[in-house]
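Visitor: Once you have looked at the hints, place chain B on chain A.
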Amino acid sequence: MTAKLLDVENLTMKFGGLVAIDDLSFSAAKDQITSIIGPNGAGKTTVFNCLTGFYKATAGSMFLNKENERLNLKKFSDFKVAQKAGVARTFQNIRLFPQMSVLENLMVAQHNKLMDASGFTILGLFNAPSFVNKEKEAVEISKYWLDIIGLTHRADDDAGDLPYGDQRKLEIVRAMCINPHLLCLDEPAAGLNAKESSELNSGIIESNNQSPKFSEIIPEYLNFMRKNKRRLSSIDETAVSYQDFIEIVGDKPISDYTRNDARDYRNIISKLPKNRRKLKNYRDKSINELLKMEIPDSHILNIETQTKLNSRIIAIWNFMIDEYNDYVTDNVFRRTSNSKITTRKKKKRINLPKMI
Amino acid sequence: MRKNFLYSSIKDSLFTGLIALALFGPIVGLRTVAKNEVLVVSPKWFIVLVIVIVCALGRFLTNLYIYNRDQKFGIQSTIGKSITNFLDTKGTQIALSAIIFSVIFPFLPFTDRYLMDIAIMMLTYIMLGWGLNIVIGLAGLLDLGYVAFYAVGAYSYALFAIHFGWSFWICLPIAGIFAAMFGVLLGFPVLRLRGDYLAIVTLAFGEMIRILLLNWYQLTKGPDGLTGIPRPSFFGLPFKSFPDEGEQTFHTFFGLEYSPMQRIIFLYYLILVLALITNLFTIKIRRLPIGRAWEALREDEIACKSLGVNPRNTKLTAFAIGAMFGGFAGSFFATRQAFISPESFTFIESAIIVAIVVLGGMGSQTGVVLATVFLIGLIEVFRDFESYRMIAFGGAMVLIMIFRPRGILATRKPTITLQKKEATK
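Each protein sequence line maps, in turn, to chains A and B. With our numbering applied, the first sequence closes on residue 356, and no number is skipped along the way. With our numbering applied, the second sequence closes on residue 425, and no number is skipped along the way.
The set of hints was computed from the structure by calculation and includes no laboratory data. There could be a bad hint or two in this list.
Claimed, not checked - Simulated pairs of lysine-lysine, BS3-like, Cα-Cα distance not exceeding 27 Å:
hint, chain 1, residue 1, chain 2, residue 2
1, A, Lys14, A, Lys56
2, A, Lys134, A, Lys113
3, A, Lys56, A, Lys80
4, A, Lys143, B, Lys413
5, B, Lys11, B, Lys90
6, B, Lys221, A, Lys134
7, A, Lys56, A, Lys4
8, B, Lys413, A, Lys113
9, A, Lys136, B, Lys284
10, A, Lys75, A, Lys136
11, A, Lys4, A, Lys75
12, A, Lys4, A, Lys84
13, A, Lys136, B, Lys413
14, A, Lys113, B, Lys284
15, B, Lys284, A, Lys143
16, B, Lys284, A, Lys134
17, A, Lys136, A, Lys80
18, A, Lys14, A, Lys113
19, A, Lys134, A, Lys14
20, A, Lys80, A, Lys66
21, A, Lys74, A, Lys14
22, A, Lys113, A, Lys136
23, A, Lys136, A, Lys74
Only chain A is shown next, with the shape it has when bound in the complex:
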């Protein structure tokens, strides 16, 4: 059994009277991928923001267990979480430095190390050998990561000119460059198609295995905290759409849905009826077929299972979201066409998470 890297206990985040996270407890094991999943507005990103110091949690505790020390993440403010505790993160909407080159992006990530080596710029101004060596080393590290994501040939191009998928990869790799103990990926597959996202997943896992130096990564996926679903979903009044969501997806633990096969998924797609009324039957059928696989009920999946299932999870999830969108279009809009709710519903529909 691997040791726990992250302990989150009774985490609560309130914005005034609005409870975004209510009494959330979970832990993440070392060298494993833990996912946090949930519908829109469930508070996933808020959890991330609390973890990485962008928000100050109202209550609760977050502990990061390093080799021989236990750090309270609540004590660090914004940039110090990355600097001192080694918690890196990526963003839901990519935040690269678009007008800087790819290599520069990675060099900025190694800022603190280089800053120390440059003797707070003074040694660096005179090209001190210690600094020059450190900089070469930093370039080597950047090159190592660029090789992994296959972007070495574009190292000197502006990061903003890369295709979307490559930007995602670059952002993850940039976070890796600070040599993190915990890596938090906020919807890393958002906006990617199934091929790109499975590439991304295998890439992350490969790098996790290949490089012993950087093995202490825990990319966080969407791990659905069922216990908190009602409260979580209250963050931006999505309670209504959440109910609709439950209706279509079914009220079962998410690990049940992972028991699908890629083949089943293809079958579902191929048999997808034009008439949405038959959808419910298909859903039930696919869920029954999912039950064949042996998967632990917990929300923490080990790497192998994760690899095996990731593409399927994504595929199914996408399928369900699509179905949900159609469902909303067909039912909710028709139902509410006479009532006042118009724009908000429309927005909700577009905002649903497209991918895990």
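Guide: Only chain B this time, still in chain A's reference frame:
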């Protein structure tokens, strides 16, 4: 298609003429003249007609040659492209030849006192532009109060030199340090501000310093200004026509004829060296982690925080270093003028420096030089035309913004490259 285009551009230019008529008709055409103590309207329709025709014709021509999408080689794109290509490929040569030219400039046959003064003024602006480029171009902090640091440098130099009699070379770093301290002072309250809000606060800061200088009479002599600021000496050798008893001056030491140009030439080289130091420092610091952090901060502050970059220290160093060079330039200004008053540090100075940086292309060192030569040179050329100077200045800005919307030199070179790529390119 072609006919259609011609038709629409004629229509458009006629419309422009109509607008010009509506605008200039009342303003220019109807003039009131005092005749026998009565105001009489004296119409000047001929001038209006000329203006309207010029406007319409100009619009027609721009439609044909600049805004014409059919034409593959519109003037706008060709000029823009050729400038960019030329500067991209020949950038180093241009910079080198510019430096060589500026070094031999004082000894060229046509150089006179007037040209030297303009050159010194231009170099001061170039140095200020390079200093502000750190704050605006690299760190992306729009600072509209940069003249405050210029003033702090000038006044601290003047006060130390007058009251303690310290030499230029001691006062210069002190003035720089003082200005840097004021930079940090400004930096602290504005750490969380960005964009427009930052611009407003820095603008207010610039005015605060000026008003402080105006009203703190005991220290700064207020509007009277500080007089008798010591002139710089050539490493202890003053520039004087009539040396005191037993004193060696520049011309006696080198056995030259005394000429007032000697001091001017010395000042010229002084500001040249100071400006080049600013430039070299900026080029170097851009490649250091701190410079990269500045640029990263300009691009995305939140991402910076997520990577453990300390935004507070990074911003404060940008303010401090930018201000320091402003302070250096200020102390040069004080020693050159030998008289300073708050008059010299008004908002228009800040605006000109910001204009130089922005029009030159944010973050581009060569762009600052080009913009300075263009803008300050134009102001000087139009000096004889008095009130039309500012029109020329504005016109120059409009032209730059039309042809080079992102500044004269908008390309940015990466601070570090992988060798492999360079070999293949």
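Visitor: Hint by hint, say whether it matches the structure.
Guide: Each hint, compared with the structure:
For a cut-off of 27 Å, the pair hint linking Lys14 of chain A to Lys56 of chain A stands: about 10 Å separates their Cα positions. For the hint linking Lys134 of chain A to Lys113 of chain A, the alpha-carbon distance of about 8 Å falls within 27 Å, and the restraint holds. The suggested pairing of Lys56 of chain A with Lys80 of chain A holds, with an alpha-carbon distance near 13 Å, which does not exceed 27 Å. Simply put, Lys143 of chain A and Lys413 of chain B have alpha-carbon atoms about 19 Å apart, close enough for the 27 Å limit, and the pair holds.
For the given pair, Lys11 of chain B sits about 43 Å from Lys90 of chain B by alpha-carbon distance, which is inconsistent with the 27 Å threshold. For the suggested pair Lys221 of chain B and Lys134 of chain A, the alpha carbons sit about 52 Å apart, so the restraint of at most 27 Å is broken. For the given pair, Lys56 of chain A sits about 23 Å from Lys4 of chain A by alpha-carbon distance, which is consistent with the 27 Å threshold. Between Lys413 of chain B and Lys113 of chain A the CA atoms are separated by roughly 24 Å; this keeps the pair inside 27 Å, and the hint holds.
Note on Lys136 of chain A and Lys284 of chain B: the hinted pairing holds, with a Cα-Cα distance of about 17 Å set against a maximum of 27 Å. Restraint check for Lys75 of chain A and Lys136 of chain A: the C-alpha separation of about 34 Å exceeds 27 Å, so the hint is violated. The suggested pairing of Lys4 of chain A with Lys75 of chain A holds, with an alpha-carbon distance near 20 Å, which does not exceed 27 Å. Distance restraint check for Lys4 of chain A and Lys84 of chain A: the Cα-Cα separation of roughly 19 Å lies within the 27 Å cut-off, and the hinted pair is therefore satisfied.
For the suggested pair Lys136 of chain A and Lys413 of chain B, the alpha carbons sit about 19 Å apart, so the restraint of at most 27 Å is met. For the hint pairing Lys113 of chain A with Lys284 of chain B, the CA-to-CA distance comes to about 19 Å; that is within 27 Å, so the pair holds. Restraint check for Lys284 of chain B and Lys143 of chain A: satisfied, since their Cα atoms lie roughly 23 Å apart, inside the 27 Å limit. As the CA atoms of Lys284 of chain B and Lys134 of chain A are separated by approximately 17 Å, the hinted pair is consistent with the 27 Å bound.
As the CA atoms of Lys136 of chain A and Lys80 of chain A are separated by approximately 25 Å, the hinted pair is consistent with the 27 Å bound. The straight-line distance between the Cα atoms of Lys14 of chain A and Lys113 of chain A is roughly 35 Å, outside the 27 Å bound, and the hint therefore fails. Between Lys134 of chain A and Lys14 of chain A the CA atoms are separated by roughly 43 Å; this puts the pair beyond 27 Å, and the hint is violated. Taken as a hint, the Lys80 of chain A and Lys66 of chain A pair is honoured in the structure, with Cα atoms around 16 Å apart against an allowance of 27 Å.
A C-alpha spacing of about 15 Å is found between Lys74 of chain A and Lys14 of chain A, which places the hinted pair at or below 27 Å, so the restraint holds. In summary, the hint linking Lys113 of chain A to Lys136 of chain A is supported, as the alpha carbons are separated by about 12 Å, within the 27 Å threshold. With a C-alpha separation of about 35 Å, the suggested pairing of Lys136 of chain A with Lys74 of chain A is violated against the 27 Å cut-off.
Hints 5, 6, 10, 18, 19, 23 from the list above are not met by this structure, while the remaining hints are.
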